[in-house]
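Q: Residue numbers (numbering that gives the first Met the number 0), protein chains in the order written: chain B, 0 to 259; chain X, 0 to 259; chain E, 0 to 259; chain F, 0 to 247; chain A, 0 to 247; chain D, 0 to 247.
Misleading hints may appear alongside valid ones.
As the list claims (entries may be wrong) - Computed Cβ-Cβ distance ranges for the label pairs, DEER-style:
#1 E:131 x F:31: 57 to 67 Å
#2 D:169 x F:65: 50 to 60 Å
#3 A:13 x X:98: 58 to 68 Å
To be verified - Okay, derived cross-link-like pairs now, DSSO-like style, lysine-lysine, Cα gap no bigger than 27 Å in a straight line:
#4 D:225 x D:195
#5 D:91 x X:119
#6 E:132 x B:132
#7 A:198 x A:77
#8 E:240 x D:91
#9 B:119 x A:104
#10 D:198 x E:21
#11 F:77 x F:104
#12 E:240 x D:104
#13 D:118 x E:12
#14 E:240 x E:21
#15 B:57 x F:195
#16 F:195 x X:240
#17 B:256 x B:57
#18 E:133 x E:163
#19 D:66 x A:77
#20 E:251 x E:24
#21 X:57 x D:238
#22 E:57 x A:238
#23 E:133 x X:133
#24 X:46 x D:31
#25 E:240 x D:225
#26 B:175 x B:24
#27 B:57 x F:238
#28 X:133 x E:132
#29 B:57 x F:77
#30 E:163 x A:91
#31 D:91 x X:124
#32 A:66 x A:118
#33 B:124 x F:91
#34 E:124 x A:91
#35 X:119 x F:104
#36 X:133 x B:132
#37 F:10 x X:119
Claimed, not checked - One-sided and incomplete, this derived list gives chain E residues near chain D with beta-carbon spacing under 8 Å:
#38 39
#39 105
#40 106
Keep in mind the hints are simulated off the structure, nothing from the lab. All residues carry an ideal CB built from backbone N, CA and C; glycine is no exception.
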Amino acid sequence: MPRDELGVLSEIKRSTILRQIKSQKRNDGRDLNTFRPITVQTGFVTKAPGSAMVQIGKTRVLAGVKIEEGEPFPDTPNQGVLTTNVELLPMAFPTFESGPPNENAIELARVVDRGIRESKMIDLKGLVIEPAKKVWIVFIDIDVLDFDGNLIDACSLASVAALKTAIVPGSTIGQKDFQLPITCTPVSVTFVDIDGTLVPDPDLEEEQVSGARITVTTSEDGKLRAMQKGSVGSLSMDQIKGAISMSFNLGKELREKYLR
Amino acid sequence: MPRDELGVLSEIKRSTILRQIKSQKRNDGRDLNTFRPITVQTGFVTKAPGSAMVQIGKTRVLAGVKIEEGEPFPDTPNQGVLTTNVELLPMAFPTFESGPPNENAIELARVVDRGIRESKMIDLKGLVIEPAKKVWIVFIDIDVLDFDGNLIDACSLASVAALKTAIVPGSTIGQKDFQLPITCTPVSVTFVDIDGTLVPDPDLEEEQVSGARITVTTSEDGKLRAMQKGSVGSLSMDQIKGAISMSFNLGKELREKYLR
Amino acid sequence: MPRDELGVLSEIKRSTILRQIKSQKRNDGRDLNTFRPITVQTGFVTKAPGSAMVQIGKTRVLAGVKIEEGEPFPDTPNQGVLTTNVELLPMAFPTFESGPPNENAIELARVVDRGIRESKMIDLKGLVIEPAKKVWIVFIDIDVLDFDGNLIDACSLASVAALKTAIVPGSTIGQKDFQLPITCTPVSVTFVDIDGTLVPDPDLEEEQVSGARITVTTSEDGKLRAMQKGSVGSLSMDQIKGAISMSFNLGKELREKYLR
Amino acid sequence: MILVGTESDIKLFNEDGTRIDGRTVEELRPIKIETDVLNRADGSAMIEWGGNKIMVAVYGPREAYPKHTQDINRAIVKARYNMAAFSVDERKRPGPDRRSMEISKVISEALTSSIMVEKFPRAQIDVTIEVLQADAGTRIAGLTAASVAIAAAGIPMRDFVVGCTAGKVDGHIVLDLCKEEDNFGQADLPVAVLAKSGKVVLMQMDGDLSEDEFNQATDMIMRATKRINQLQREALTTKYSEAIAGGE
Amino acid sequence: MILVGTESDIKLFNEDGTRIDGRTVEELRPIKIETDVLNRADGSAMIEWGGNKIMVAVYGPREAYPKHTQDINRAIVKARYNMAAFSVDERKRPGPDRRSMEISKVISEALTSSIMVEKFPRAQIDVTIEVLQADAGTRIAGLTAASVAIAAAGIPMRDFVVGCTAGKVDGHIVLDLCKEEDNFGQADLPVAVLAKSGKVVLMQMDGDLSEDEFNQATDMIMRATKRINQLQREALTTKYSEAIAGGE
Amino acid sequence: MILVGTESDIKLFNEDGTRIDGRTVEELRPIKIETDVLNRADGSAMIEWGGNKIMVAVYGPREAYPKHTQDINRAIVKARYNMAAFSVDERKRPGPDRRSMEISKVISEALTSSIMVEKFPRAQIDVTIEVLQADAGTRIAGLTAASVAIAAAGIPMRDFVVGCTAGKVDGHIVLDLCKEEDNFGQADLPVAVLAKSGKVVLMQMDGDLSEDEFNQATDMIMRATKRINQLQREALTTKYSEAIAGGE
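All chains, full assembly: derive it from the sequences and hints.
A: In structure tokens form, the structure reads like this:
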């Protein structure tokens with residue numbers, strides 16, 4: 000029994016999805032350029048300095064932030080450290096297995112990480128305790144609990160929401176607790192190509208019929224911060240430019256609704 | 000060829016064992032509540048600070064104790080460190096494989112460890128060299144050489160016997176060698192449920208026909224120190240209370256015969 | 000599909016090789032006691048302190064030397080550290096797989112390492128920065144790029160050639176760069192037994208029909224520095240003595256041609 | 000909350016006979032069980048027990064894989080207990096450690112004892128227990144929720160598995176240890192039973208207990224499991240159950 | 000060369016409009032591609048691009064192994080991008096890390112998009128990319144060489160995959176970042192396309208770009224890939240191609 | 000005993016021509032071999048050689064597993080040499096390291112050369128060598144005992160494998176190095192041969208030897224292996240053999 004595939008869609012389901020896209024409708028009836036319903040619950044893990052449970056449609060993830068003392072990297076002695084890890088729990092899908100992160104989990108974590116890191120969302124220079132010796136290390140860990148497509152945006156949204164509420168536990172080293180220094184709010188928007196049409200926030204069935212995937216992470220100052228083309232398949236430069244401009248719009252919407 | 004099972008008993012053997020238990024006899028002819036013949040040979044590994052070769056029936060294990068300088072755990076700066084590891088060597092049984100400890104070896108090591116740790120057999124506070132910086136680390140390593148059932152008690156007995164003879168090599172850091180500080184002598188007794196009857200020290204064939212397992216570790220002051228119910232199957236509270244009181248008796252006997 | 004075997008030779012090829020050996024010729028037409036054509040290109044990796052690309056016939060390996068600050072081993076506080084690692088890249092042969100080094104790669108690396116270490120080719124005492132605290136660590140890493148037999152001699156030759164050109168980057172710690180201190184030039188020569196005849200530098204087809212293997216590493220002062228008998232099969236003491244004396248001759252030839 | 004100090008500094012028992020968190024000796028922390036909390040899983044449950052938040056998903060019965068693990072007579076139950084990296088005070092490195100491997104094993108065995116595994120030869124039942132927030136007693140809370148999730152998955156069971164912990168604190172036997180009692184107490188006794196028969200399917204003990212104290216502790220546990228099993232049953236019929244006041 | 004200093008100290012752009020290594024904004028570093036450099040592999044290529052030296056070997060199509068990885072409709076392409084321990088300034092520990100696993104994945108996907116995988120059901124095509132010396136832009140250089148090695152192996156392709164990087168340095172959009180520009184620049188945009196259609200099969204971005212800057216950067220890349228594809232084709236016909244002056 | 004000091008400080012050779020432990024140059028340490036020391040194994044042996052204590056168990060021939068490792072023409076011999084954590088001065092972390100993997104490989108090859116592997120196609124023979132106490136020369140002692148355990152298992156052999164070490168100490172060639180000679184000597188030459196033919200199945204050397212010294216060392220080894228093979232044979236017939244005085 001092959002364990003590493005996400006199942007195969009019936010031909011009927013497949014052609015239904017394609018037919019709907021042609022008539023500007025999505026698999027679940029929503030309009031072409033909209034996300035599924037979203038809920039964001041921060042502070043779910045009360046004992047962690049920051050956390051957020053996020054649902055996008057039937058996809059559910061929980062991001063937790065831990066902030067601990069540690070050593071800086073030798074080449075950035077005046078900066079705190081950020082690390083991002085995603086666990087595709089066997090709970091979330093019948094064929095997910097326990098074990099070290101596979102290439103899907105690693106790509107996912109790295110794309111989420113790049114959006115946060117490259118937007119300079121966290122002012123890492125504000126996390127130095129003693130230069131070159133002690134800094135704050137920010138651990139973002141994300142549990143994927145329920146999988147129905149578009150993990151990148153769910154994990155990204157959960158991480159950013161968790162970070163925005165996170166407290167640095169200065170009191171553990173005889174200083175004051177303080178809000179994690181945040182400079183901006185990056186939002187990622189992921190599209191897949193279904194038969195020539197790029198649609199955002201695919202559910203799993205849409206991912207199964209789609210070709211190329213592209214993620215665009217933007218910040219509120221109108222800048223592109225990170226991109227990742229994924230999956231087999233190609234995209235025209237025009238499609239990509241369309242995705243970029245749509246990302247600014249959807250990013251703004253998500254930022255205002257869920258990341259205040 | 001499945002490698003992870005311990006073989007299956009013939010129906011005839013199985014019913015023989017059950018019939019004998021009904022008539023108050025064990026598989027190998029001994030009485031219900033007795034251990035198989037035991038030998039304990041301390042000092043087998045002359046180069047180790049402590050060691051003991053133990054045979055219970057045809058089961059044979061060798062415990063070696065090493066004591067080395069190291070750092071204490073941050074949350075116990077004024078205590079030495081104890082670690083216990085068991086290797087189920089491929090030598091001991093046809094289906095044992097080399098590799099990192101599996102869940103059986105880990106449960107085994109942790110049950111042995113808990114008996115020693117929770118009885119406070121070793122006075123870990125007597126193993127501090129420099130508080131918060133340097134302490135003695137006591138490594139108990141157990142090689143399982145020949146497997147015929149009841150590894151918990153064999154490993155436990157070997158560990159306790161090895162520790163009781165162990166010398167802390169103070170001379171390596173310019174101090175004096177000294178006897179490992181021992182406060183009591185915990186003994187574990189393991190029972191399995193065969194058709195409703197709890198019997199101690201099962202051999203492998205008995206383990207193969209049995210249901211639930213329970214281990215009770217006691218010290219000479221009449222205290223329970225550790226317990227572990229294992230294997231599929233359930234036990235009534237009365238069975239467990241019976242096992243506890245039998246454990247005190249058998250524990251006393253073993254302590255006096257083999258752990259003077 | 001079994002992945003860990005190096006393929007099986009046809010019966011015809013096999014008998015051809017054996018027939019040719021009887022008439023004092025090798026598989027590829029060369030004389031019994033000669034190596035295949037050799038090329039050595041040092042300085043291939045311009046950014047590494049030392050490197051050498053070596054081809055022996057169709058076998059190709061690239062050795063790179065890195066020299067970094069680090070801590071000495073506790074039992075040799077007044078010596079630098081040498082480590083040798085070989086990667087059998089999946090690039091080099093259809094059945095080589097990625098992953099941690101298997102027993103073949105480990106034996107290979109250790110035999111190459113012993114020739115260098117035991118000949119005291121590198122004066123490790125000249126690599127101390129601060130006794131017991133800081134020394135230079137010499138990393139030899141070897142990529143096997145193309146495999147057609149006799150990896151030991153190819154890797155050994157590449158390592159020695161790379162070391163002879165290597166520069167210790169003293170300037171990175173405020174001192175001067177200096178030539179890695181070299182005391183002698185060890186050369187390994189590997190033979191296989193084909194139907195009773197020992198021949199040096201086997202190609203892969205010869206390795207497939209051969210029995211025992213023996214490697215003899217010598218230095219220019221007429222000393223044996225390391226030996227390794229490998230593979231299934233046995234060798235008479237006379238064969239071994241023949242291999243030793245041939246190794247001195249071939250070692251001298253290789254040293255003069257390729258390791259000036 | 001982190002308590003700083005040595006064992007002897009810490010008073011876990013108040014002079015009025017209440018505990019550090021104000022409970023009486025035989026009072027449970029608040030417990031809340033919810034079922035069908037996940038979409039993909041064949042059965043799921045979420046339990047909140049004191050500060051514990053634990054999610055459980057069940058997949059199966061389905062063909063056991065790899066094939067050589069199949070048992071021709073029964074289903075195998077593979078529970079995987081895991082703590083999220085952010086669930087504990089100090090960030091936990093992802094992946095199994097020796098503690099979680101042992102807990103996974105005893106939980107698997109306890110659940111197997113309650114499921115009609117003989118109905119599903121060659122099958123496997125996967126139970127994932129994810130501790131999202133840990134606050135003492137996670138193995139028992141996870142196991143208790145797992146039994147609910149298995150029922151929610153429609154897998155035939157002989158009985159519920161239901162558990163509770165007791166322990167010794169400042170010389171007193173108390174029910175359902177909280178974090179500080181767990182860290183600085185003298186004994187810890189997690190027990191799980193089959194709800195109807197009261198037969199024990201999981202028991203671990205460490206610390207120091209006399210036979211009397213053991214009997215006292217197990218009596219408390221047996222009484223508590225009856226109440227907790229009630230919550231399990233309600234959660235299944237109403238998808239949600241809650242007991243805020245744990246005392247009788 | 001290692002630059003010491005902080006970001007602000009380093010001037011990456013000269014007053015005469017040239018870059019730290021003397022190139023103009025749209026000038027490529029020298030590129031050299033050679034095919035059939037290995038004996039065992041079914042196809043191979045070596046690329047030198049600036050200071051990068053990368054070797055690629057291709058094996059297959061051959062039966063996919065282990066069997067459960069087989070796709071009954073098409074061949075799977077398994078690229079493995081790896082940096083030799085000695086290829087970078089500080090010795091790299093052998094074995095895959097998270098970065099190389101991600102790169103292997105996006106390269107595999109890019110190559111799959113270019114190969115007629117449907118002609119080889121149940122097969123696998125292995126592509127080993129070994130970075131022998133790294134000097135910025137290794138993923139794109141390796142992918143560009145991999146496409147040549149696949150062609151050299153006689154595996155039917157829809158089109159070549161060809162790539163180039165652009166980026167932002169001191170506020171200027173420039174083509175083909177060198178090491179210092181990569182380390183201290185403001186944005187990095189590696190792109191690979193199918194040569195004929197110009198459709199994108201790999202794109203990653205990090206840093207900070209406006210939409211305008213993005214368009215400027217991708218225009219440069221599209222122009223560059225045409226030239227580089229020319230080198231790919233020449234390398235296949237003549238076994239060797241070289242462009243020392245990369246400018247148009 | 001641990002010798003502290005540098006190489007030059009340590010005198011390994013006495014003025015009366017004896018060695019640091021009092022032996023003459025060609026004197027073996029005491030050797031004791033016992034068979035059938037384990038109950039489960041198909042064959043077993045325990046060897047004490049100087050301070051070495053090594054136990055060997057043999058299982059097989061049995062079907063090779065996993066299947067793709069099977070050789071359709073012969074049995075494969077898998078020896079696993081392992082040092083117990085407590086067998087050496089400083090506690091050894093459990094599990095294989097590079098040294099033990101190399102030793103396991105050369106021991107497997109040496110044993111294969113002595114066994115009639117062609118009689119057992121598709122089979123595997125497992126040989127576990129566990130060093131319980133190490134005192135120089137463990138690979139040779141383990142291999143010598145393994146050959147006895149294989150015979151005790153009733154596996155048909157062409158011949159015994161028997162070995163001994165020689166080395167150079169303070170410029171003298173000596174037989175059977177002890178721990179201090181091994182640590183501070185100038186050369187180490189472990190050799191194993193087929194007992195009857197004297198043909199070499201294992202040989203490793205490191206250090207510094209002239210051809211003459213090599214010949215002297217191997218002559219000593221060949222004489223010693225005859226005596227040791229005598230002990231192997233006696234152990235099999237009487238289940239126990241011992242040579243306290245190793246000299247001739």
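Q: Work down the list of hints and note, for each, if the structure agrees.
A: Taking the hints in turn, this is what the structure says about them:
no., hint, result
1, E:131 x F:31: 57 to 67 Å, "59 Å, holds"
2, D:169 x F:65: 50 to 60 Å, "58 Å, holds"
3, A:13 x X:98: 58 to 68 Å, "59 Å, holds"
4, D:225 x D:195, "9 Å, holds"
5, D:91 x X:119, "26 Å, holds"
6, E:132 x B:132, "19 Å, holds"
7, A:198 x A:77, "22 Å, holds"
8, E:240 x D:91, "37 Å, violated"
9, B:119 x A:104, "26 Å, holds"
10, D:198 x E:21, "22 Å, holds"
11, F:77 x F:104, "8 Å, holds"
12, E:240 x D:104, "24 Å, holds"
13, D:118 x E:12, "26 Å, holds"
14, E:240 x E:21, "21 Å, holds"
15, B:57 x F:195, "36 Å, violated"
16, F:195 x X:240, "20 Å, holds"
17, B:256 x B:57, "19 Å, holds"
18, E:133 x E:163, "23 Å, holds"
19, D:66 x A:77, "25 Å, holds"
20, E:251 x E:24, "23 Å, holds"
21, X:57 x D:238, "18 Å, holds"
22, E:57 x A:238, "18 Å, holds"
23, E:133 x X:133, "23 Å, holds"
24, X:46 x D:31, "18 Å, holds"
25, E:240 x D:225, "21 Å, holds"
26, B:175 x B:24, "52 Å, violated"
27, B:57 x F:238, "18 Å, holds"
28, X:133 x E:132, "20 Å, holds"
29, B:57 x F:77, "26 Å, holds"
30, E:163 x A:91, "22 Å, holds"
31, D:91 x X:124, "25 Å, holds"
32, A:66 x A:118, "18 Å, holds"
33, B:124 x F:91, "25 Å, holds"
34, E:124 x A:91, "25 Å, holds"
35, X:119 x F:104, "26 Å, holds"
36, X:133 x B:132, "22 Å, holds"
37, F:10 x X:119, "22 Å, holds"
38, 39, "25 Å, violated"
39, 105, "5 Å, holds"
40, 106, "5 Å, holds"
When each numbered hint is compared with the structure, violations occur for hints 8, 15, 26, 38.
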